[in-house]
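Produce the complete structure using the sequences and hints provided.
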Amino acid sequence: MKLHPTERILLRLYGLSLLLYPPSVRRRFGRDMRELFADLCRRERSKTGLGRLVAFIIRSLADVTRTALRAHGELMLRSGRKAWRLRHFSRRNSPVSNLMQDLRFAVRSLKRNPLFALVAMATLALGIGANSGIFSVVNAVLLKPLPYQDPDRLVTVWSRYRDTGKGQLSPSEYLDFRDELRTVRGLAAWTPLTVALSGGKTPPQRIVGAAATAELFPALGVDPLLGRVFGQEEDQPGKDAVALLGETIWQTRFGGDPDLVGKLIEVNGIQLQVLGILPGGFRLTDDIQLGRHPQIFVPLGLDEASIDRKERGWHYLNSIGRMAPDATEDQVRAEVQSLAQRFNSDGLYPPEVGYGAFVIPARDEAVAGARQGLWLLLAAVGLLLLIACVNVANLMLARADARRREIAIRGALGAGRMRLLRQVMLESLVLSTIGGVAGLALAHAFCAGLAAWHPVNLPRLAEIGLDITVLAFTLAVSLLAGLLCGCAPAWQAWRPALGQALQEGPRGSSSGAGRQPVRGLSVVAQVALSVVLVLGAGLMLRSLWSILGVDPGIKTDQVLSWRLSLPRARYDTPEKAIGFFDQLREGLSGLPGVVGSGAVRGLPLTGSIGDWDFEIEGRPLVDGQEPQGDWQVATPGYFETMQVRLVKGRFFNEGDRADSLQVALVNQTLARQYWPGENPVGKRIKLMAGPEEAPWATIVGVIGDIRQMGLGHPPRKEFYCPHSQFHRSTGITVRSLGIVVRAEGDLESLAGPIRQLVGKIDPAMPLARLRPMNEVLSDSVSTSRFLALMLAAFAAVALALAGVGIYGLLSYWVSRSSREIGIRMALGADRRRVLRMVVGRGLAMALLGVAAGTVAALALTRFIQGLLFQVAPHDPITFIAIPIVMLALSVMASYLPSRRATGVDPMTALRAE
Amino acid sequence: MDERDSISQHLPLKPVDLLVLMVLVEGDLHGYGIVKQIQKRSSGQVRLLPGNLYGVIRRMIELGWLAECERRAVDEEGDQRRRYYRITEFGRQVAAAEASRLRQVVRDAEVYKLIETEQPSR
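From first to last, the protein sequence lines stand for chains A and B.
Add 1086 to a position in the first sequence, counting from 1, and you land on the number used in our numbering.
Add 260 to a position in the second sequence, counting from 1, and you land on the number used in our numbering.
Simulated from the structure, these hints should not be mistaken for lab results.
The structure displayed is predicted, hence computed values, not measured ones.
Treat the hints with care, since some could be wrong.
[Stated by the list, open to error] Straight line, CA to CA, 25 Å or less: simulated DMTMM-like cross-link-like pairs of lysine to aspartate or glutamate: (1) 296/B x 1093/A; (2) 300/B x 1865/A; (3) 274/B x 1160/A; (4) 1803/A x 1726/A.
This is the structure we're talking about:
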């Protein structure tokens, strides 16, 4: 019968635990017991959950310990106490009881030296804890499979343009890919949406979700909890008044009513029939990426018959599909590419746009953006653990030196080399195991902190925690750390110069010959590793600094923002929508403390908003080279509220009505591109694809650039139309706007009055969370900040450990060399000379370490280039400043021991011999 | 010491010993089979873990109540060979003696009206 990998590990573990039995018992029953354990394990797993399995394993291990003890007891009784003692304490006894004896000895000797044990354990706990903590994030975000059936076979298809890069699909592109791809079965598409759920006694509520094609659920292999998903028959215009709800909203708003399926709910003022309930964790790739919890899914209802396959504009669809059973990722890539080439050769795209299409596996798409930073953090904590191990190894070497006589005596009494070596290794493993347990506690605190404080926008943040994978990882890291720490001291135990150690007398020789190079080298390594880590952190901090130095183009202090979407059903004409926002602004200006308010289609710093082609009066249109810019719609008051810079002309004002002169604003980037060296004010533009009678809009002002995509992204070309006029240019009514309010005093206290005001204008209008713009600004840099601060924290620990390493080695050296120093001073060396000698030693080690670390960092930092903003991976300032800081730190760390050296009294030092 | 004495010195048996002996009276079983049978007999109340079970088996083999059989294939999983255990004649006598002792205990309890006499069902 095939064994599950987990079971194989458990079985191995159980087999190890059988070592506790007396060998005779183990030989006779060990195999049977393992077989029985495997059978029981398989049964527990098939029947019950993980918790039960864990409980079963703990019970089994306790059972082994208890019965093994009893078996030993019985044997002992049988063979008589004296014989037992002889057998267990003589040299030729069983390996297991030797091991137990050594283990007890290790624990005892650690207890004798509690300060050493504590420092070593704390150091290892920090190193291991940092690793477990970061690994649990990596595990949740990057390693756990997506919540779909066989998620590794899912791919997403994207468009690409020379200027804008990765882009969503247009309906015609989607249909072409869906119909023609042979290597992907049933490509599905969706677009995210936000709706108001109203009706019933509960107040209206804004929820997010998606409008999707019928292929979506079969492609993902997701089944509803209740009812059914929608099929092709509902995914058509006119028949699509159905919806699927998420488990969360079903529980919270509808009390988990099982009869909800088949009933009608009110969404954006329209009645939709509930077809089914989806499981709570169901999310699409973009939801995972953005940390959204979608609660409603409706049919996209593409009208395939009326879609002009030659019209390739309007890119708003995400896609996902399952690879055909025999297809590979490379085959899908090749097919998508060749299809894109065919579109191009069919003349569907002007060659200038450089159209292409490409494939991203769903697992990569869902965590895009987080991957590189997380691997970087994992590498950083790996370095930190190495540093911690070197540090502990050094401590152990120092201790082993002090115990040379003890070890030599044990050797002289007949303890074999293997036995001595094992003794050292066991001590190190005991330290690292306890360190690992403490580290696990640290990691748990770290995960709880991440979940509570949300310091960063990470996909799948909610899934972060300690699970069996993290436990296994921590165990492995702890064992590895124990072995690493034990290596150097074990090597030393391997070659004990017995006679010499015994001759030296209790204080040891002055030089500790043969050991200093090892320990010196380990300090050099520690410094080098820290330099790499600190240089990485330095670059990330510099990068964060330059991001934070970017002018967003708005003033975010004292501004509150939220999003409001009007349901199409009740606001069916442009006049009603405009009326609502007019009324809202009028009401807002009457609230206490409010100094300004306005609304805009896409709030700054929140992401891309899409572009629109336009025509400039008096310039011929060249196909495929139409002027274009990101399109914004704003109300009067918006620019003043955000304190946007006015470069030329004027902002919008209350005089810009639907029937007055059509106006527009452009930003500096757009003005520079289309009117270089000219004044755009007074020029006229017309949006493409609008109605025949659409009027020309006169540019009345130029405004400063605003960072729309976030501080780290360059500003894009933008133009603004007044909300009151936009429908005349395009025939489209914008019903969803971001509202901003600037107020004096406490922003929090405005929430209540704003809620009342909105409720008074439209009682059925849900209100999303009000967010201070400062928070929006801070969220937009959260990833950079998180990475930089985490790295800085790790680097600080590394620096401290390196400093302690230098300090420890030199202090030790000074105490061992007091005789040499005494002689020198007796022969006339003055204090300064002695000081220079000690500091010189420290500095020499530090210089070697800094040089090695800097060279390594020069080679390594290019891997983080993608994470840096306006900082070169070989940034000279960082690469000069940090080595200097490191050297200064090592001088400080060496100065303290050197002070002690000058305090040596020559007479005392010499007399001690 | 005659056989009767050697049996009575082991009484009373531990409940788990009696259970193991009883399920083996029906036929030879391997470890997992014993665990399954006992769990079934006790309606899921008694769940033996490997250390415990093989502790009991080891002791009973030493006392001569059980014997090991050859390893043989398990019916449903033909690729694996398990060690089976068989009850010895002596083991059967010990188990029977314990059962009789328990019957006497029950009768005494009825005499003292601790429990009601169970009417034999027709």
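Hint check:
Taken as a hint, the residue 296/B and residue 1093/A pair is honoured in the structure, with Cα atoms around 20 Å apart against an allowance of 25 Å. Taking the CA atoms of residue 300/B and residue 1865/A, the gap is about 59 Å. The hint is violated against a cut of 25 Å. For the suggested pair residue 274/B and residue 1160/A, the alpha carbons sit about 17 Å apart, so the restraint of at most 25 Å is met. Proximity of residue 1803/A to residue 1726/A is assessed by CA-CA distance (about 20 Å); at most 25 Å being required, the pair is judged to hold.
This entry does not satisfy hint 2, going by the numbered hints stated previously; all others are met.
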